[in-house]
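Chemist: Now for the letters of each chain:
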Amino acid sequence: MTDRILTTHVGTLPRPAAFEAGEMPLADAVVDVVRHQAALGIDVVDDGEFGKASWTGYAVERLGGFEARPLEAGAAPLARGAERQQFGEFYDEATRSGTLWYSTSAQVLTPGAPTEWVCTGPITYTGQSALQRDIDNFRIALATAHVATGFLPVAAPASLEPNRRNEYYPTDEAYVFAIAEAMKTEYHTIVEAGLTVQVDDAWLTALWDRIGIQIGLEAYRDYCRLRIDALNYALAGLPLDKVRYHICWGSWHGPHVTDIPLAEIVDLVLRVNAGAYLFEAGNVRHEHEYHVWEEAHLPQDRVLIPGVVSHATNVVEHPDLVAERITRFAQRVGRDRVIAGTDCGLGGRVHPQLAWAKLEALVEGARRASARLWPG
Amino acid sequence: MHDAPARDCGRADVFCEPRKDYTLRHNTDRILVSHAGNLPRPADLNKLLAARDEPGIRSRLPTAVQEIVERQMASGVDIVNDGEYVKAGSYTGYMQERVTGWEALPIDPGVPRKRAAVAERDRRQFPGFYESGLWMQGSGGPIRPGFFTPGAPKPATTERVCTGPVKYTAQAQIRSDLEIFKNALQGKAAEGFVAALGPLSLGAGSRNTYYPSEEAYMTAVAEAVREEYRAIAAAGFTVQVDEPEFLTSWMFYPDWSIDEYRRYLEFCVQIINHSLDGVPTDQVRFHSCWGSGHRPHVNDIELRHVVDLLLKIDAQAYTIEAGNVRHEHEWRVWQNVNWPDGKILMPGVISHATDLVEHPDLVAERLVNYAGIVGKENVQAGTDCGIGSRVGHEEVVWAKLEAMAEGARRASERLWG
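So the protein sequences, as listed, match chains A and B. In terms of my numbering, the first sequence opens at residue 1 and continues consecutively. In terms of my numbering, the second sequence opens at residue 377 and continues consecutively.
In case anyone wonders, no lab produced these hints; they're calculated from the structure. None of the values given here were measured: they were computed from a predicted structure. Beta carbons are placed, not taken as given, at the ideal position from N, Cα and C, and that holds for glycine. Incorrect hints may have been included.
Unchecked claim - Anything over 10 angstroms on all C-beta distances counts as not near chain B; from chain A, calculated:
1) R133
2) I215
3) G216
4) G282
5) W374
Claimed, not checked - Covered, in the sense of this in silico footprint (three residues per stretch, anywhere, with C-beta under 8 angstroms from a C-beta of chain B), are these stretches of chain A:
6) 302 to 314
7) 348 to 357
Unchecked claim - One side of the interface only, derived from the structure: several residues of chain B facing chain A at Cβ under 7 angstroms:
8) F502
9) F505
10) H670
11) N700
12) V733
13) E741
14) H769
15) V772
Generate the whole structure from the sequences, applying the supplied hints.
Modeler: Shown next as structure tokens:
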């Protein structure tokens with residue numbers, strides 16, 4: 001229990017130029033980024049995801065049972081979707097000019113094309129040493145910066161499945177649970193190291209545009225339910241307050257008019273056995289959805305971490321707007337159950353100077369909201 | 377709507393016809409929808425413009441304007457414009473061509489610059505971001521081709537200096553602009569507005585060596601642009617005075633205190649009102665914004681510091697940014713303002729600041745907030761700034777305008793039941 005609104009973010013942070021250039025060891029870069037977060041006043045920090053190639057791509061190196069094959073022409077159904085049909089010229093131009101993201105570095109993109117990963121054998125977790133390196137770097141950085149604890153982001157089974165075709169397991173269910181079984185090692189190892197695990201599941205939500213609209217809401221919800229059950233299987237035994245669950249609607253700078261409304265899936269999100277839920281609420285497509293929490297039942301032992309600053313614009317959020325956004329949530333679920341967060345990872349999605357300015361606005365906005373919510 | 381008596385616009389040398397039914401309309405049973413100005417141009421018109429094919433442009437303009445009027449109406453816009461097609465180039469450039477009195481002279485390093493560069497306060501705080509050139513990018517990615525030159529802008533080698541009498545010379549041009557727009561609106565239910573550059577944004581940046589004082593200089597600038605405003609009003613349209621410098625000048629004088637800035641704005645109000653002399657107030661919409669560059673904006677002057685001065689401008693309607701994350705919270709500023717009877721507020725409820733399309737429920741919520749303060753008759757839906765060239769693609773422009781119209785419909789349902 002605290003007497004103010006705490007602050008955190010979703011994961012990726014800008015990488016120091018020297019680290020990008022290969023002139024700074026990973027361990028030093030992690031110390032650097034933890035110190036930077038602490039200095040700004042971020043309460044719940046991470047390692048900036050510096051140890052990972054990308055938010056799902058890293059898992060390729062940590063899972064056995066897959067082989068890389070050249071992608072057959074037209075064999076990437078997930079590269080298309082309803083919005084890419086509706087706004088065809090926009091997406092063509094944005095893809096051509098590389099403007100869908102701030103940076104086209106692997107940090108934000110899901111790798112795959114033109115290679116396809118195919119599951120051809122039993123899935124195993126082989127990433128122990130990479131994971132241990134990340135944990136060690138982070139713990140040393142926390143100690144150096146005198147921060148008690150932090151979180152490490154990982155990918156959810158449902159977000160590891162897209163673009164990784166299954167040729168080995170007899171059913172989708174068996175396949176997804178096999179991924180979950182393997183990733184369980186990662187999730188548990190992080191918590192056993194005294195850290196919080198944040199499970200990133202952007203694909204679950206983004207798949208509505210790619211496949212959900214075609215199969216219909218009920219079939220899509222069934223699809224999600226099975227994946228969430230698999231995730232819960234992997235999370236079994238972990239204390240709720242050590243698990244955060246993040247969804248978003250995809251962080252590319254597109255119209256997002258086909259995003260599924262939060263109200264349609266909020267019950268499924270809450271089905272995940274996590275103590276905190278992170279979701280986009282700081283951009284023009286999802287800001288109004290704070291009203292969802294007037295109806296949705298948030299169990300007493302859970303907290304919300306809405307995005308109150310966003311990668312979706314270069315303009316830096318005014319701290320008064322951040323405070324207003326936080327207050328709206330606090331009024332609906334209680335001031336003790338709101339932590340201020342970001343829509344998605346900021347690294348690679350806006351210019352580094354803007355990413356840090358946004359985190360600063362986040363901290364100041366949380367301070368102003370706290371003053372309002374804990375008067376006197 | 378009613379017929380107004382014929383009136384003399386006071387000048388024989390501008391387009392002058394009996395005024396019909398135009399005064400700025402209030403909402404009667406729903407929130408009306410408009411926008412701040414520029415709209416996407418058809419590809420073939422762009423080609424003609426790039427080739428400077430004057431006869432080609434002249435013959436294409438009337439149909440292009442007709443198309444853009446129809447497209448706005450189809451998207452649910454009530455108060456439409458000509459897309460600013462007749463001013464192709466830039467929002468300041470067209471007026472610079474229409475008013476004489478300046479020369480481009482080599483910069484004399486011995487003469488101090490009149491003022492700092494665009495966004496100077498932000499530039500000092502975010503040097504790396506500005507050097508990257510990304511501030512003129514789209515809402516997130518690198519520079520869009522054709523939008524702005526990547527990299528840090530080259531230092532200027534020439535400056536515009538006022539060296540002779542400032543004179544409006546575009547009587548024939550404005551007459552033609554207005555005729556084209558009038559024809560495009562013929563028989564349609566939409567109302568029309570025409571945007572024209574404000575005196576500050578035309579003249580305040582240039583050094584004056586001709587007039588005895590800055591005041592005399594800016595007064596002359598006001599009298600020049602006034603001719604265009606009067607012509608627009610006489611043709612029966614709403615004049616939208618585009619005056620970003622009312623708010624962005626804060627950046628040009630990075631060391632001024634708020635009091636110093638307010639003193640300058642008192643002068644600006646005088647100049648702007650002088651430029652509106654003879655223009656019926658009920659045909660004037662005043663637009664200002666904090667600059668449409670995709671940049672941090674953390675040093676923007678806060679609305680609360682200048683809102684009283686803004687309302688001293690002789691306009692019927694005020695339209696300013698309110699749909700981006702730096703200014704969205706400022707709807708509460710109006711709670712502390714005594715809203716003048718009958719004035720119309722048109723906040724930006726969709727923005728160029730992001731390529732994500734505003735959810736209609738967010739648009740509705742924003743409008744309802746404003747209606748609660750200034751009255752549902754007095755709030756209209758607008759955009760932060762001209763949206764045509766400032767988002768990733770024209771498909772996004774139209775999706776945003778449609779979201780605005782749908783949001784206004786939802787707000788109207790809530791407000792009128």
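Chemist: Now look at each hint and say whether the structure bears it out.
Modeler: Verification of the supplied hints:
1. R133: holds (30 angstroms)
2. I215: holds (24 angstroms)
3. G216: holds (22 angstroms)
4. G282: violated (8 angstroms)
5. W374: holds (20 angstroms)
6. 302 to 314: holds (count 6)
7. 348 to 357: holds (count 7)
8. F502: Holds, about 5 angstroms.
9. F505: holds (5 angstroms)
10. H670: Check passed: Cβ of H670/B comes within 4 angstroms of chain A, closer than 7 angstroms.
11. N700: holds (5 angstroms)
12. V733: Where the cut-off is 7 angstroms and the nearest Cβ of chain A is about 4 angstroms from V733/B, the hint holds.
13. E741: holds (6 angstroms)
14. H769: OK, holds: H769/B within 7 angstroms of chain A, min 4 angstroms.
15. V772: holds (6 angstroms)
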